[in-house]
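Mind docking these for me? Both chains are given alone in their own frames, and the hints should help you get the complex.
As given, the protein sequences belong to chains A and B, one line each in that order.
Here the numbering used here is used: the first residue of the first sequence is 2, the next is one more, and so on.
Here the numbering used here is used: the first residue of the second sequence is 628, the next is one more, and so on.
Do not rely on the hints blindly, as some may be mistaken.
[Claimed, not checked] Over 10 Å on every C-beta distance to chain A, these chain B residues come out as not near it, computed from the model:
| no. | residue |
| --- | --- |
| 1 | R649 |
| 2 | R691 |
| 3 | F701 |
[As the list claims (entries may be wrong)] Cut-off 20 Å, straight-line C-alpha distance, at most; resulting in silico cross-link-like pairs (DMTMM-like, lysine to aspartate or glutamate):
| no. | chain 1 | residue 1 | chain 2 | residue 2 |
| --- | --- | --- | --- | --- |
| 4 | B | K705 | B | D684 |
| 5 | A | K59 | A | D86 |
| 6 | A | K113 | A | E89 |
| 7 | B | K695 | B | D684 |
| 8 | A | K50 | A | E67 |
| 9 | A | K101 | B | D684 |
| 10 | A | K113 | A | D86 |
| 11 | A | K59 | A | E89 |
| 12 | A | K101 | B | D683 |
| 13 | A | K101 | B | E671 |
| 14 | B | K705 | B | E671 |
| 15 | A | K50 | B | D657 |
| 16 | B | K705 | B | E689 |
| 17 | A | K50 | A | E89 |
| 18 | A | K101 | B | D657 |
No lab work stands behind these hints: they were computed from the structure.
Glycine included, each C-beta is placed from N, C-alpha and C at the ideal position.
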Amino acid sequence: AQSVTQLGSHVSVSEGALVLLRCNYSSSVPPYLFWYVQYPNQGLQLLLKYTTGATLVKGINGFEAEFKKSETSFHLTKPSAHMSDAAEYFCAVMNTGGFKTIFGAGTRLFVKA
Amino acid sequence: DAGVIQSPRHEVTEMGQEVTLRCKPISGHDYLFWYRQTMMRGLELLIYFNNNVPIDDSGMPEDRFSAKMPNASFSTLKIQPSEPRDSAVYFCASSFPGTGPIFGPGTRLTVT
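Only chain B is shown next, with the shape it has when bound in the complex (with noise of 0.2 Å):
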């Protein structure tokens, strides 16, 4: 398997404009997680899938980020607009039920 893959691996914005980070899951995976890391603050997680639906999204910023799993092999994290503070390293991670996720390698973003 190829692992989680995450693109792209690096994005570079202006501010006021959107970002799609886009994210497949290992084949078989029915959670699949999304969080966010600074140096501020830590790892967060911002929302997790089961089965394509969104189970908890309490760890997402604000209004101005958005999540989809259309289906079991892909999922989007969107920001619009974008903010210097949303400057990060974004994980996706997918699991089985009750094993630890396993991480993508990550999109690092930068808003200007």
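Just chain A, with the same shape it has in the complex (with noise of 0.2 Å):
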């Protein structure tokens, strides 16, 4: 069995500052683990993905994420935010079993100026 579960359905930054999206994870086997970003009446664009190999992934748009296994934790995290950033962030856990791929319940992220 596997379940995503991001904390804060909403996170509100100042423009320029830290972006940390949460999200923790459950899994009978080694997981793969994928944020998505989702802007308004659009589909999910993958923004960045965790196999195996280095724990600190990186991805499009200046976002990078860590696998902590002790943890169970791959939170999202961007050193400086920008307007463009304010979206919807999904974070989906892939058992690599048989591939089933969830999404957690998603945290919206606003972006003050």
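Structure, rendered in structure tokens:
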């Protein structure tokens, strides 16, 4: 069984401030982990992924995430928020046994000028 | 590549009617996923296929929902009969094994 928990349905930051979106997962087998972004009235776009190897992964638009097995976490960060980062962000876990992929509830990021 | 293609983009229908949503995955992708997104329930996995074979349909809400994948380049999600609570955005996504699903633009379904 697998599950994803995103802490905080809404996060608000000032432009230029650090962005931190939290994700914890559970999985009975080693997971693959993903972050997606969704802009209004659009589909989901893959930001970054962790499969194996380096636990700090970099994605598009300056985002990065770190896989911490001991904490079962995969938090998303960006050093300096931009207005264009305002969107909804989803964490996802893929079961490496059968590649079933489920998503967290999402976190809406607001960026204040 | 054109990406994942879904049709129609918008569908408005009356309760009790049959609805068919269509998806063309990215060529070469082995996996195809159907998700439903609502404000109340978020993004739910309905069913997914591997090489055209359904692997897990435990997310299909009830017998009114059915999905098929007759070949590697086409899948359908059918709702019969439709109900107002089926109103949602339905996403199709495809992937290679172990890669993140690539999403289509979605079909916004409204059942009145």
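Now for the hints, and whether the structure bears them out:
With a closest Cβ-Cβ approach of about 15 Å to chain A, B:R649 is found to remain outside the 10 Å limit, as its non-interface label requires. For B:R691, the non-interface assignment is confirmed: its Cβ lies about 22 Å from the closest Cβ of chain A, beyond the 10 Å cut-off. Non-interface call for B:F701 relative to chain A: holds, since the shortest CB-CB distance, roughly 19 Å, exceeds 10 Å. A hinted pair counts as satisfied when its Cα atoms are at most 20 Å apart, and B:K705 with B:D684 qualifies at roughly 13 Å.
A distance of roughly 16 Å separates the Cα atoms of A:K59 and A:D86; the hinted pair therefore holds under the 20 Å criterion. Using a Cα cut-off of 20 Å, the hinted pair A:K113 and A:E89 holds, with the two alpha carbons roughly 15 Å apart. For the hint linking B:K695 to B:D684, the alpha-carbon distance of about 11 Å falls within 20 Å, and the restraint holds. Among the hinted pairs, A:K50 with A:E67 is consistent with the structure: their alpha-carbon atoms are about 10 Å apart, no more than 20 Å.
Of the supplied pair hints, the one linking A:K101 and B:D684 holds, its CA atoms being roughly 11 Å apart against a limit of 20 Å. At most 20 Å may separate the alpha-carbon atoms for a hinted pair to count; A:K113 and A:D86 meet this at roughly 11 Å. As the CA atoms of A:K59 and A:E89 are separated by approximately 19 Å, the hinted pair is consistent with the 20 Å bound. For the hint linking A:K101 to B:D683, the alpha-carbon distance of about 8 Å falls within 20 Å, and the restraint holds.
For the hint linking A:K101 to B:E671, the alpha-carbon distance of about 12 Å falls within 20 Å, and the restraint holds. With a C-alpha separation of about 16 Å, the suggested pair B:K705 and B:E671 falls inside the 20 Å cut-off, and the hint holds. Only pairs whose Cα atoms come within 20 Å are accepted, and A:K50 paired with B:D657 is accepted, the gap being roughly 19 Å. Between the alpha carbons of B:K705 and B:E689 the distance comes to roughly 12 Å, so the proposed pair stays at or under 20 Å and holds.
Only pairs whose Cα atoms come within 20 Å are accepted, and A:K50 paired with A:E89 is accepted, the gap being roughly 17 Å. For the hint pairing A:K101 with B:D657, the CA-to-CA distance comes to about 13 Å; that is within 20 Å, so the pair holds.
Checked against the numbered hints above, the structure violates none of them.
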